[in-house]
Amino acid sequence: MEVGLFPNPLRPGVGLRPRREAQRPLLPQHARHCPVLEAGSTAGYLVYPPLAEKESFQIGYEGEGRYKFVYSVNTRGKKWEPLFSVTYQMPVGGLGATKREIKMHMQDTPQTREIAYLMPGMFLAEDDMGTPAGAVTLRGAWNFQTPAGWDSVYTPIFNMIERPIAPMLVIRVETDWYVHDSEFRYVLQPGETISASHSMPIGQVMFVPREEVTFRDGTEQEIAERHKSSLAFYEEKAKTKLKTPYGVEYSPHYQRSSRRNRTGGEASGGDAAPDPYPTT
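Our numbering numbers the first residue of the sequence shown as 914 and each following residue consecutively.
If you're looking for bench data, these hints aren't it; they were derived computationally from the structure. Please note that a few of the clues may not be correct.
[Claimed, not checked] Here are the simulated SDA-like pairs of lysine to any residue, each with C-alpha atoms no more than 20 Å apart in a straight line:
| id | residue 1 | residue 2 |
| --- | --- | --- |
| 1 | Lys967 | Met1017 |
| 2 | Lys1141 | Lys1152 |
| 3 | Lys1152 | Arg1172 |
| 4 | Lys967 | Arg924 |
| 5 | Lys981 | Met1019 |
| 6 | Lys1012 | Gly1034 |
| 7 | Lys1012 | Thr1000 |
| 8 | Lys1152 | Glu1162 |
| 9 | Lys1016 | Gly978 |
| 10 | Lys981 | Met1032 |
| 11 | Lys1012 | Gln1002 |
| 12 | Lys1016 | Gln1002 |
[Unchecked claim] Pair by pair, the computed Cβ-Cβ distance ranges are:
| id | residue 1 | residue 2 | range |
| --- | --- | --- | --- |
| 13 | Tyr1159 | Met914 | 38 to 44 Å |
| 14 | Arg1123 | Asp1094 | 16 to 22 Å |
| 15 | Thr1044 | Pro1122 | 28 to 34 Å |
| 16 | Val1161 | Gln1002 | 48 to 54 Å |
| 17 | Pro1122 | Gln1002 | 40 to 46 Å |
| 18 | Glu1162 | Ile1107 | 36 to 42 Å |
| 19 | Pro1080 | Asp1130 | 32 to 38 Å |
| 20 | Gln1134 | Arg1085 | 32 to 38 Å |
| 21 | Asp1041 | Glu1162 | 47 to 53 Å |
| 22 | Tyr1091 | Asn1174 | 32 to 38 Å |
| 23 | Arg979 | Leu1155 | 52 to 58 Å |
Ideal placement from N, C-alpha and C gives every residue a C-beta, glycine not left out.
Can you build the whole structure from these sequences, using the hints too?
See the structure below:
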């Protein structure tokens, strides 16, 4: 399948391209090479913000409809220095204009103030702030056009389990005909902040066919075959138990079988990633 890739129209050409990544570095060591966990992580593509290597921003929710955006740079590679901040105050009851207060941390000129006014909209969907309360919508560096009959599903990053994690609203868009910019809407609690940098993904996208799914009951013969297949798998898995230098038992049988099914041939056992879960 081929998916069209288009840059952020407000900041074209800035930001990493979407990519797949099987591992999550902050997971416990024994979970990093579980084949079924890695397959879950690679079910979609990581999406990055439209930031250059030495740029970053923060967006925080202060409560009572008040948000604060801070744009920073690290030009010398030593420390992050804020260039400006923008404070948003949502109207009471959701009616009326949003107040915006700009504070400059660099030379304050009409040109720099205009940049500070325009730049947040490259990274945030400003009109979506506060829907619902605490919501902030981050823009991706790249957008997608799917083939006919396929949708894009925008999700938080799979298997990122570090706390605290702000919840995100998952959406599914018919991107085969609708022009949709990649957006990830997180919902913050008062006092929470989201940070973004060049190499830090802000969400994940996966592509799914737009077709109906029907269920049918398995036959008695199919049930018996499943039971027989399960017993054979676990018997073979028990024969291939290995042990890591740290004493954790694992079996590469699942990944070898998966690789063999994909290639239609014999999978080599020497390069199979370990399965650290004896019961996986």
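Status of each hint after checking the structure:
1. Lys967 - Met1017: Judged against 20 Å, a Cα distance of about 19 Å means the pair holds.
2. Lys1141 - Lys1152: Given that 20 Å is the threshold and the Cα spacing comes to 17 Å, the pair holds.
3. Lys1152 - Arg1172: 18 Å, holds
4. Lys967 - Arg924: 15 Å, holds
5. Lys981 - Met1019: 17 Å, holds
6. Lys1012 - Gly1034: 15 Å, holds
7. Lys1012 - Thr1000: 8 Å, holds
8. Lys1152 - Glu1162: This hinted pair holds, its Cα atoms lying about 12 Å apart.
9. Lys1016 - Gly978: 19 Å, holds
10. Lys981 - Met1032: 14 Å, holds
11. Lys1012 - Gln1002: 5 Å, holds
12. Lys1016 - Gln1002: Answer holds: lysine 1016 to glutamine 1002 is near 14 Å, not above 20 Å.
13. Tyr1159 - Met914: 38 to 44 Å: 40 Å, holds
14. Arg1123 - Asp1094: 16 to 22 Å: 20 Å, holds
15. Thr1044 - Pro1122: 28 to 34 Å: 30 Å, holds
16. Val1161 - Gln1002: 48 to 54 Å: 53 Å, holds
17. Pro1122 - Gln1002: 40 to 46 Å: Holds, since proline 1122 and glutamine 1002 (Cβ atoms, about 44 Å apart) stay within the stated range.
18. Glu1162 - Ile1107: 36 to 42 Å: At roughly 39 Å between Cβ atoms, isoleucine 1107 and glutamate 1162 fall inside 36 to 42 Å, so the hint holds.
19. Pro1080 - Asp1130: 32 to 38 Å: Holds - the Cβ-Cβ distance for proline 1080 and aspartate 1130, about 36 Å, lies within 32 to 38 Å.
20. Gln1134 - Arg1085: 32 to 38 Å: Holds, since glutamine 1134 and arginine 1085 (Cβ atoms, about 36 Å apart) stay within the stated range.
21. Asp1041 - Glu1162: 47 to 53 Å: Holds, at about 48 Å.
22. Tyr1091 - Asn1174: 32 to 38 Å: 36 Å, holds
23. Arg979 - Leu1155: 52 to 58 Å: Hint holds: Cβ distance 55 Å, inside 52 to 58 Å.
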